[in-house]
Amino acid sequence: GAVVSQHPSWVICKSGTSVKIECRSLDFQATTMFWYRQFPKQSLMLMATSNEGSKATYEQGVEKDKFLINHASLTLSTLTVTSAHPEDSSFYICSASGPSSYNEQFFGPGTRLTVL
Amino acid sequence: KQEVTQIPAALSVPEGENLVLNCSFTDSAIYNLQWFRQDPGKGLTSLLLIQSSQREQTSGRLNASLDKSSGRSTLYIAASQPGDSATYLCAVRRRSGGFKTIFGAGTRLFVKA
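Protein chains in written order, with our numbering: chain A, 1 to 116; chain B, 1001 to 1113.
Worth flagging that the hints you see were computed from the coordinates, not collected in a lab.
Watch out, some of these pointers could steer you wrong.
Claimed, not checked - Pairs of lysine-lysine residues, derived as PhoX-like cross-links and limited to a Cα-Cα distance of at most 25 Å, are as follows:
(1) Lys-41(A) with Lys-1001(B)
(2) Lys-1001(B) with Lys-1068(B)
(3) Lys-1001(B) with Lys-64(A)
(4) Lys-55(A) with Lys-66(A)
(5) Lys-1100(B) with Lys-66(A)
(6) Lys-20(A) with Lys-55(A)
(7) Lys-1042(B) with Lys-14(A)
(8) Lys-1001(B) with Lys-55(A)
(9) Lys-64(A) with Lys-1100(B)
(10) Lys-1100(B) with Lys-1042(B)
(11) Lys-41(A) with Lys-1042(B)
(12) Lys-20(A) with Lys-1100(B)
(13) Lys-20(A) with Lys-1042(B)
(14) Lys-41(A) with Lys-1112(B)
(15) Lys-1001(B) with Lys-1100(B)
(16) Lys-55(A) with Lys-1100(B)
(17) Lys-66(A) with Lys-41(A)
(18) Lys-1100(B) with Lys-41(A)
Said to hold, decoys possible - With beta-carbon atoms standing in for the labels, derived distance ranges:
(19) Val-1013(B) with Gly-16(A): 38 to 48 Å
(20) Val-1013(B) with Pro-40(A): 20 to 30 Å
(21) Ser-1096(B) with Ala-72(A): 19 to 29 Å
(22) Asp-65(A) with Ser-1053(B): 38 to 48 Å
(23) Leu-116(A) with Arg-1055(B): 44 to 54 Å
(24) Ala-1078(B) with Thr-82(A): 39 to 49 Å
(25) Gly-1083(B) with Asn-70(A): 35 to 45 Å
(26) Ala-1079(B) with Asp-65(A): 43 to 53 Å
(27) Gly-53(A) with Lys-1001(B): 20 to 30 Å
(28) His-7(A) with Ala-1029(B): 29 to 39 Å
Ideal Cβ positions, reconstructed from N, Cα and C, are used throughout, including at glycine.
Using the sequences provided together with the hints, build the complete structure.
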């Protein structure tokens, strides 16, 4: 299957700083990317959907000014957690799918964010 | 609104037992249903993907079925092994609303040696 990478795999930061997480599709063009958040012992919750070249669509309850998403190319999407606080500590996972809506979603390995 | 429910929430079985994990969803208008495995602190490993036009998929000791009309899927694991211990997630990709994927809460499986 197609490969999606995330960088970094883990990050520790101080409260108030911003953190950027990258999601890359390595061997296919991802017209749509999804960002998920997973708290300990809970399932994945969709945060936002991004299409290449357009603004992301955020799920209800997700602050778009806090979680900035950029999908500038067909292989890269970034999630920036601005002014991070301890409650933002979580496991962030991205997924990507190709041009057809029938295409399978491929998931990245996740990024563990810890805010001190 | 699509909701995905997984039963049981947790399961502990002795090694060698055959077992069934259940997933139900409220909206039958789906593109596909996917089963994942997640080890503690790790990402997702895709196990089986069933397109909406299919009724089942098999891979090794795993078999997943899909009944769209009743909104149900089952994951059958044959001859369970301690290495199968993990959380199993069911995910449904919607046909509408941006083709989003909605996850169930998962079933935590522990296989005792």
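Structure-based check of each hint:
1. Lys-41(A) with Lys-1001(B): 23 Å, holds
2. Lys-1001(B) with Lys-1068(B): 16 Å, holds
3. Lys-1001(B) with Lys-64(A): Distance of about 22 Å is within 25 Å: holds.
4. Lys-55(A) with Lys-66(A): 15 Å, holds
5. Lys-1100(B) with Lys-66(A): The hint holds at about 22 Å.
6. Lys-20(A) with Lys-55(A): 17 Å, holds
7. Lys-1042(B) with Lys-14(A): Given pair Lys-1042(B), Lys-14(A) holds - Cα atoms ~23 Å apart, limit 25 Å.
8. Lys-1001(B) with Lys-55(A): 23 Å, holds
9. Lys-64(A) with Lys-1100(B): 18 Å, holds
10. Lys-1100(B) with Lys-1042(B): OK: Lys-1100(B) and Lys-1042(B) at ~22 Å, within 25 Å.
11. Lys-41(A) with Lys-1042(B): 12 Å, holds
12. Lys-20(A) with Lys-1100(B): 23 Å, holds
13. Lys-20(A) with Lys-1042(B): Given that 25 Å is the threshold and the Cα spacing comes to 20 Å, the pair holds.
14. Lys-41(A) with Lys-1112(B): Between Lys-41(A) and Lys-1112(B) the Cα gap is close to 21 Å, so the pair holds against 25 Å.
15. Lys-1001(B) with Lys-1100(B): Within the cut-off at roughly 11 Å; holds.
16. Lys-55(A) with Lys-1100(B): Holds: Lys-55(A) and Lys-1100(B) sit about 16 Å apart, inside 25 Å.
17. Lys-66(A) with Lys-41(A): Measuring from Cα to Cα gives roughly 24 Å; hence the hint holds.
18. Lys-1100(B) with Lys-41(A): 22 Å, holds
19. Val-1013(B) with Gly-16(A): 38 to 48 Å: Roughly 47 Å apart at Cβ, these two residues keep to the hinted range, so it holds.
20. Val-1013(B) with Pro-40(A): 20 to 30 Å: Because 24 Å falls inside the window, the suggested range holds.
21. Ser-1096(B) with Ala-72(A): 19 to 29 Å: Holds, at about 27 Å.
22. Asp-65(A) with Ser-1053(B): 38 to 48 Å: With Cβ atoms ~41 Å apart, the hint holds.
23. Leu-116(A) with Arg-1055(B): 44 to 54 Å: 50 Å, holds
24. Ala-1078(B) with Thr-82(A): 39 to 49 Å: 48 Å, holds
25. Gly-1083(B) with Asn-70(A): 35 to 45 Å: For Asn-70(A) against Gly-1083(B), whose Cβ atoms are near 39 Å apart, the range 35 to 45 Å holds.
26. Ala-1079(B) with Asp-65(A): 43 to 53 Å: Once the Cβ atoms are compared, 51 Å apart, the range 43 to 53 Å for Asp-65(A) and Ala-1079(B) holds.
27. Gly-53(A) with Lys-1001(B): 20 to 30 Å: 28 Å, holds
28. His-7(A) with Ala-1029(B): 29 to 39 Å: 36 Å, holds
The structure shown violates none of the earlier numbered hints.
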